[in-house]
Amino acid sequence: DVKVTQSSRYLVKRTGEKVFLECVQDMDHENMFWYRQDPGLGLRLIYFSYDVKMKEKGDIPEGYSVSREKKERFSLILESASTNQTSMYLCASSLRGQKDSRGSNQPQHFGDGTRLSIL
Amino acid sequence: AQSVTQLDSQVPVFEEAPVELRCNYSSSVSVYLFWYVQYPNQGLQLLLKYLSGSTLVESINGFEAEFNKSQTSFHLRKPSVHISDTAEYFCAVSHTGGFKTIFGAGTRLFVKA
Chain S
505 DVKVTQSSRY
515 LVKRTGEKVF
525 LECVQDMDHE
535 NMFWYRQDPG
545 LGLRLIYFSY
555 DVKMKEKGDI
565 PEGYSVSREK
575 KERFSLILES
585 ASTNQTSMYL
595 CASSLRGQKD
605 SRGSNQPQHF
615 GDGTRLSIL
Chain E
34 AQSVTQLDSQ
44 VPVFEEAPVE
54 LRCNYSSSVS
64 VYLFWYVQYP
74 NQGLQLLLKY
84 LSGSTLVESI
94 NGFEAEFNKS
104 QTSFHLRKPS
114 VHISDTAEYF
124 CAVSHTGGFK
134 TIFGAGTRLF
144 VKA
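Protein chains in written order, with the working numbering: chain S, 505 to 623; chain E, 34 to 146.
Please note: incorrect hints may appear among the correct ones.
Here are the simulated DSSO-like cross-link-like pairs (lysine-lysine), alpha carbons at most 27 Å apart as the crow flies [unchecked claim]:
hint, chain 1, residue 1, chain 2, residue 2
1, E, Lys-133, S, Lys-561
2, E, Lys-133, S, Lys-574
3, S, Lys-559, S, Lys-522
4, S, Lys-507, S, Lys-575
Keep in mind that the hints were calculated from the coordinates and are not lab data.
Work out the full structure: start from the sequences and follow the hints.
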């Protein structure tokens, strides 16, 4: 089975801090994603990466950046944490696939999430 | 632009009763459709998917969903629910040739004894 591991289940940080959320997958997936999950809003895509060192903005990238130096690891960075970034953060990975080379027909595999509180 | 609407935010139901969780999508191109389930304090897990072929797809734990292109719907059904089905369910859509998957806001299913 695919394993997507997020480094922390719970994290508490202070306003203005630089925050790193780490995600590692063990199945050689090309695509990796960062979402935030808020009640009533579902999952919203922050950033995604389809290859090492490649990244694309999602729907809500403001205040965030990402890093993908190795295929298995995708990091989310809050440059200067603010209280409105308090949320559940979910990392996911997927294969790119062959027939559909971008992987939209592939299911995503999720980590258990990091519940981040900014005080 | 794509969007996904889950018509019910919460669905309470008694154990052994049937349930339907509704999902409608909008897209101008061909789509792939997914249902994911999230149990408390966990990430999302794939429940079932429609890629092509038969419009009725099934999961291993008794859920099924039917792709209806004319209604742009992908409703999830189970004829008899268990307490253990209590979870949040997300409908999701992606389009052919894209990277992104769009998720609905989720439906919380509460199964009562």
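Looking at the structure, which of the earlier hints fail to hold?
Going through the list in order, the structure violates no hint and respects every one.
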